[in-house]
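Chains as they are written, first to last, in the numbering used here: chain D, 1 to 259; chain G, 1001 to 1232; chain F, 2001 to 2232.
Among the clues, some could well be false.
Once the Cα atoms are required to be at most 30 Å apart in a straight line, the calculated DSSO-like pairs of lysine-lysine come out as [claimed, not checked]:
| no. | chain 1 | residue 1 | chain 2 | residue 2 |
| --- | --- | --- | --- | --- |
| 1 | D | LYS103 | G | LYS1178 |
| 2 | G | LYS1125 | D | LYS103 |
| 3 | D | LYS145 | F | LYS2125 |
| 4 | G | LYS1125 | G | LYS1178 |
Per the computed footprint, the stretches of chain F lying under chain G, defined by three or more beta-carbons under 8 Å from a beta-carbon of chain G, are [to be verified]:
| no. | stretch |
| --- | --- |
| 5 | 2091-2098 |
| 6 | 2126-2139 |
| 7 | 2171-2177 |
Since the hints were made in silico from the structure, they are not lab data. All of these numbers come straight from a predicted model, not from anything done at the bench. A virtual CB, placed ideally from N, CA and C, is assigned to each residue, including glycine.
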Amino acid sequence: MAYDVSTPVFEGPFDLLLHLILKEQVDIYEVSLSTIVNSYLAEIDLLQSIELDLATEFLLIASTLVELKARRLLPGRNDIELDDELALWEERDLLLARLLECKTFKDVAAVLASIADDADLTFARSVGADERFEALMPDMLEGIKPRHLHSAYLRAITPKPVPVVDLFHVSAVRANVADAMTELLDELPRVGRISFRRLTDGLVERLDVIVRFLALLELFKQGMVELDQTERFGDIDILWLADSAAVAVGAGPIDDYEG
Amino acid sequence: MSDIPPTDAQQPDQMMTELLAHETLDADIVRAIEAIVLVATEPVPTDQLAQLLEQPTALVNELCRGLADVYDEAGHGFQLVEVAGGWRYQTHPELSPYVERFLLDGQRHRMSGAALETLAIVAYKQPISRAQVASIRGVDPDGVLRTLSARGYVTQVAVDPGPGQAALFGTTPQFLEKLGLNSLSDLPPLAAFVPGADVVEALEHGLRAPDADPKLLRANMPRLTPDEPDDQ
Amino acid sequence: MSDIPPTDAQQPDQMMTELLAHETLDADIVRAIEAIVLVATEPVPTDQLAQLLEQPTALVNELCRGLADVYDEAGHGFQLVEVAGGWRYQTHPELSPYVERFLLDGQRHRMSGAALETLAIVAYKQPISRAQVASIRGVDPDGVLRTLSARGYVTQVAVDPGPGQAALFGTTPQFLEKLGLNSLSDLPPLAAFVPGADVVEALEHGLRAPDADPKLLRANMPRLTPDEPDDQ
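Make a model of the complete structure from these sequences and hints.
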């Protein structure tokens, strides 16, 4: 169980974040994500076992951070639309509220622990009546039918559910790099040269843009396009090199990306 | 306690005070006797108390008698008595009518889920050792087995011939009677309800069946509807 | 008791005598309370005692408190306490070393930090869904909730009437018993634990988007390299 593991410092991603922010005075905009991941993985190493649940939950939190961080780092911050700015603040406030709530219950749990420790020093009597009252003892089997016994047996032999990684937070959208490559292989020979912004102009979903970018990198890897970026954060110039579109798509291993 | 008037009965119950001030020992020894006997499910032999408290048996015996006197003198509703070679608390005979009324008053004494599961395992897998029950349920069944045994639903039926000679448990005729069964073969057969072989195998291995549709799996699982008393 | 010397401690434990001489009732009422609670296997609600003894609840409550005081004053090794809405006998905390030695399974299971945090959230926010717990703890509480449920500390208390019909969890009387509390209102008030302004400020600062150039910021970046042990 992921939840049985803990260090004195933290147990989960929120704890980690709390710890990083409160103890280490970390500004999430200052600290690099790889640093967070590294220190996290270092802790995981200490535990000598990968706790998949914790790790995936951590990735969930981390991705929120990446998004916040990415917005900060992206150019043209002054051009950010008011809605985006508001959304950014909203996310920040939401995260703050969650961290505060998390901290509240961490603190109260510590008090409950000491209450429980005190209570553990006493032992309740639950002996029941002696044999003089045996005839009056309630019948524990009252109302129990053979079928109840049967279902209790099945319940007993059924192994407790094995923890599985829950994918509820993963949307069902499946962006396929191979498909994107097919599209590009159709489109690029016709236009010859195009900028990445224009290429992705009609795309609404950010994920689609990313997949197109990955497909483009794949084509670059295969020597079918030339890419050029004149300035940091600038537009990317795409030049079609291959004469023939007969290159087999999917000849190499191409990953699917689930969004 | 403002409305409890001071009485003329000035007979002080100072025996407890005296006991606790026994010059030859730690005051906690007397109190420890009270604490241990309070939670003991069986009468506690004087020897055992003496050993636990690291005191001479004769002294412990004397202290127990002293405590018994203290309770009697103070007029408590309980007594400390020596039965079957051990000490236990029991209610004063004069109060039996109240105790009986309480016991008849529908105590919430329903069988816990854990107790029922243990009983079911013993019923279906008898004769079975404590360790085997533990390995199925994943927890130490000691307390539950003791309770079930005290109620006369299970009993030791044999001794494991192997090394260790573990006690093997089985159900009693009283158990069958309570369930309205003529014999153990009248228990609902397991096979008729057991889910498909693939699912069983997956479950037996403690693994999730990777390609089994969860919905199908669920449909084959025994359903525990809320009206079943074991479902708490 | 010949070798128990009379002491100078002449503080008479006459409270029991006084209780028994309570002018408005049969002396047996007080003793009956002792007898009933002694044979009960779980805390006996004041109401139930009152009904069995045909006495006003307020009086019974007062008598129980009186008895608890009597035991305390006399220095007994047991206590009468009100837990989870009922009265029970339990051992005095000072004697836990002896009792643990006697009960071989006396070692209590300490709850993990994760379990306690989840339990705290359920206790204060009940009825609460799994997803709501998850959003507070930041991790999937499934395993913890299952463990807490198996221990009997939490249970499904309702179903969310909204879409999805999520199971809503709440704490059980066993939870109160585990903590030795009489009711949920005995939990420390949550308001006392809301982080202070300094913490809020630290967190806010940590989440603030600075106006400075990211490259400058990087130079100031706190180093959290793996070789720096988090030694707290």
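| query | How does the coverage statement for the stretch 2091-2098 of chain F fare against chain G, requiring three or more residues with Cβ below 8 Å from a Cβ of that chain? | reply | Holds, because 5 residues of the stretch 2091-2098 of chain F bring their Cβ atoms closer than 8 Å to Cβ atoms of chain G.
| query | Are 3 or more residues of the stretch 2171-2177 of chain F near chain G, judged by a Cβ distance of less than 8 Å? | reply | violated (count 0)
| query | Given the proposed pairing of LYS1125 of chain G with LYS103 of chain D, does the C-alpha separation stay at or below 30 Å? | reply | Violated: LYS1125 of chain G and LYS103 of chain D sit about 49 Å apart, past 30 Å.
| query | Counting residues of the stretch 2126-2139 of chain F that have a beta-carbon nearer than 8 Å to any beta-carbon of chain G, does the count reach 3? | reply | As far as the stretch 2126-2139 of chain F goes, the hint is violated, because 0 residues have Cβ atoms under 8 Å from chain G.
| query | Holds or violated: LYS1125 of chain G with LYS1178 of chain G, Cα cutoff 30 Å? | reply | holds (19 Å)
| query | Is the Cα-Cα distance between LYS103 of chain D and LYS1178 of chain G 30 Å or less? | reply | This hinted pair is violated, its Cα atoms lying about 53 Å apart.
| request: With a cut-off of 30 Å on the C-alpha distance, tell me whether LYS145 of chain D and LYS2125 of chain F pass. | output: Given that 30 Å is the threshold and the Cα spacing comes to 37 Å, the pair is violated.
Comparing the model with each earlier hint shows violations of hints 1, 2, 3, 6, 7; every other hint is respected.
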